[in-house]
Structure formats: C-alpha cells, structure tokens
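**Student:** For reference, each letter of the sequence shown is one residue, going 1 to 107 in the UniProt record's numbering.
These aren't lab readings, by the way, just hints derived from the structure by calculation. Beta carbons: idealized from backbone N, C-alpha and C, even for Gly. Hints are supplied without guarantee of correctness; some may be wrong.
Derived DEER-like restraints, expressed as beta-carbon distance ranges [claimed, not checked]: (1) I63 x A88: 14 to 24 Å; (2) T15 x W84: 36 to 46 Å; (3) M1 x M73: 52 to 62 Å; (4) M1 x S75: 54 to 64 Å; (5) F46 x R72: 16 to 26 Å.
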Amino acid sequence: MELWTDEEFDSLLETMAHEGAPRRFALCQVRGDREDGRVYAYGMQFDDHAVVRRFEEGALADIMQSAESARRMWSRIGQFRLVWIDPAPEPTEDDEDPADDDPDEDA
C-alpha cells in the first residue's frame, strides 16, 4: 500500500526543500568611487551561519556567522557591498514575537 501518490510525494519534497532553503547572496567589491565593481564571492545564508565561496586563491569556501559578518570581514581589505539574490523570506506565524500578542495593549 502506497502512502503517497507521486504528485503528493513530489509536493511534500518541494515544500520541505523550500522551507529549509538558504538565502543566496553575493559579496561585491567596489573599486574607487563606484568606478568599477565585481562579484568577489557568492554565498548562502542559513538560519545559523553563512557559507561563502570565493573564486580567487583556488575557489575557497568559508563558514561565517552571517552574510553581514562576511561583508564586514572583507571590508578590511576593500570596499564591499552585500547584494541579496533571493528576496527575504515571508514571516511565518512562528516568527512572530510573543510580546506582540499582549492582550492589554489595546485596552
């Protein structure tokens, strides 16, 4: 007996993949006063860390605290901007702050 049809199982897998997907970003290096720029690295922001892949020095990967912490680190050697490739995820009910549910707030 099958638990799922092919379509149901594919839908379940797609939902799981989207819910856990990292948010992609690029670290762009700016030269001069916006005279030139380039993509220095690409990365993925997970809930608790970011993975950054640089293409210089032999395609190195770094694990960082966040995309912003990676930008700050490389900003020591030049001017970098963080460019998000994927939009920010929509907030879910789990993301709401319980303090926002204060019943006395409207009283």
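**Student:** All hints are to be evaluated individually against the structure, with a verdict given for each.
**Tutor:** We went through each hint and held it up to the structure:
Checked against the hint of 14 to 24 Å, the C-beta distance between I63 and A88 comes to roughly 22 Å, which is consistent with it. Between T15 and W84 the Cβ separation comes to about 23 Å, which falls outside the hinted range of 36 to 46 Å. Remark: the range hint 52 to 62 Å for M1 to M73 is upheld by a beta-carbon distance near 54 Å. Evaluation of the 54 to 64 Å hint for M1 and S75 yields a pass: the beta carbon distance comes to about 58 Å.
A C-beta distance of roughly 18 Å is found between F46 and R72, which places it inside the suggested range of 16 to 26 Å.
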